[in-house]
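Under the working numbering, the sequence shown has 250 at position 22, and the numbering climbs by one with no breaks.
Hints in this document: simulated from the structure, not taken from any laboratory. Every value quoted in this text rests on a predicted model; they were computed, and no experiment measured them. No residue lacks a Cβ here, since even glycine has one placed at the ideal position from N, Cα and C. Hints may be right or wrong, so weigh each one.
What the hints assert, rightly or not - With beta-carbon atoms standing in for the labels, derived distance ranges: (1) E315 x G269: 17 to 25 Å; (2) Q436 x D245: 47 to 55 Å; (3) K263 x P431: 38 to 46 Å; (4) L380 x H247: 26 to 34 Å; (5) K459 x T249: 23 to 31 Å.
To be verified - Below 27 Å or equal to it, Euclidean Cα-Cα: the simulated DSS-like pairs (lysine-lysine) are: (6) K263 x K354; (7) K460 x K276; (8) K298 x K259; (9) K442 x K298; (10) K296 x K381; (11) K310 x K298; (12) K310 x K276; (13) K354 x K460; (14) K310 x K296; (15) K354 x K276; (16) K246 x K276; (17) K259 x K246; (18) K276 x K263; (19) K263 x K298; (20) K354 x K381; (21) K459 x K354; (22) K442 x K310; (23) K263 x K246; (24) K381 x K442; (25) K296 x K259; (26) K381 x K310; (27) K381 x K298; (28) K460 x K442; (29) K259 x K310; (30) K246 x K310; (31) K298 x K276; (32) K442 x K459.
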Amino acid sequence: MGWLGKRELREIQIGQDKHVTLQELIGATRKFSSKMEIGRGHFGRVYKAELEGGQTTVAVKRLSTHSKEKVEEFLNEFYTLKSLRHENLVQLLDGYFGEGLHLLIYEYMPNLSIADAFFGSNSRLKFNWETRFNICLGIARGLDHLHEHPRLKMVHRDIKAENILLDGALNAKISDFGMASLYTEEEQLMIIKVEAPNGHMAPEYAIQGFVTSKVDVYSFGVVILEIVSGKKNAGYKFNHESEYLLDMVSKTDRTYGVL
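Generate the whole structure from the sequences, applying the supplied hints.
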């Protein structure tokens with residue numbers, strides 16, 4: 229592990245008044261073993277790290293590519309979350325940025341993401357209607373904090389089931405802020421190049437690159453449909469002939485007027 233050396237003693241925060249060395253953190257992931265992997269994103273992989281004899285557990289996100297663009301997005305997530313605190317936003321504990329190694333350290337979410345909990349093949353969780361409602365309410369509160377923050381108004385731009393995490397009490401927390409964009413009251417419309425449109429994106433964003441806080445609201449609506457129906461809006465593509473969750477809901481509404 230050439231990226232350690234003298235830096236291995238650098239202390240990293242894993243909780244209030246709790247610190248470990250970089251070497252201890254990497255050791256807790258079993259040197260980024262696939263057995264400790266708990267998630268993947270467009271940045272790279274996320275690992276579980278058990279420290280202090282199993283008394284403290286954190287999630288470690290490791291950047292897998294070092295292109296200038298991805299490193300900038302990774303740093304964007306760090307500085308964005310460093311300035312934000314809310315019960316429905318995943319808490320960033322610390323970060324490490326060294327040559328060949330970039331890490332973000334988060335609070336650990338034992339129930340992983342909504343995608344894992346609702347659609348994962350090994351999910352053992354059961355969700356009644358009250359729990360589903362509370363999850364949706366938590367997401368709404370997190371988004372409201374982002375959109376209406378007095379100093380840092382923000383558009384997340386990537387709200388989807390994979391980016392909503394659940395803690396031990398099934399409280400929802402928004403994660404993955406690498407694509408987040410700041411705006412002021414005078415700059416609520418941006419034009420951003422979209423690399424890979426997906427079924428959670430608002431049409432004006434996916435097709436034209438127009439971004440306002442409304443694109444998060446649209447994506448949130450898709451997540452609500454997934455939570456209520458228990459079905460994933462998988463593989464949805466604009467102008468695609470196949471029928472997916474959004475099409476099914478629209479068709480059902482036209483037929484039965486359920487919305």
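Which constraints among the numbered hints does this structure fail? Numbers only, ascending.
Checked against the structure, the hints that fail are numbers 5 and 20, while the rest are satisfied.
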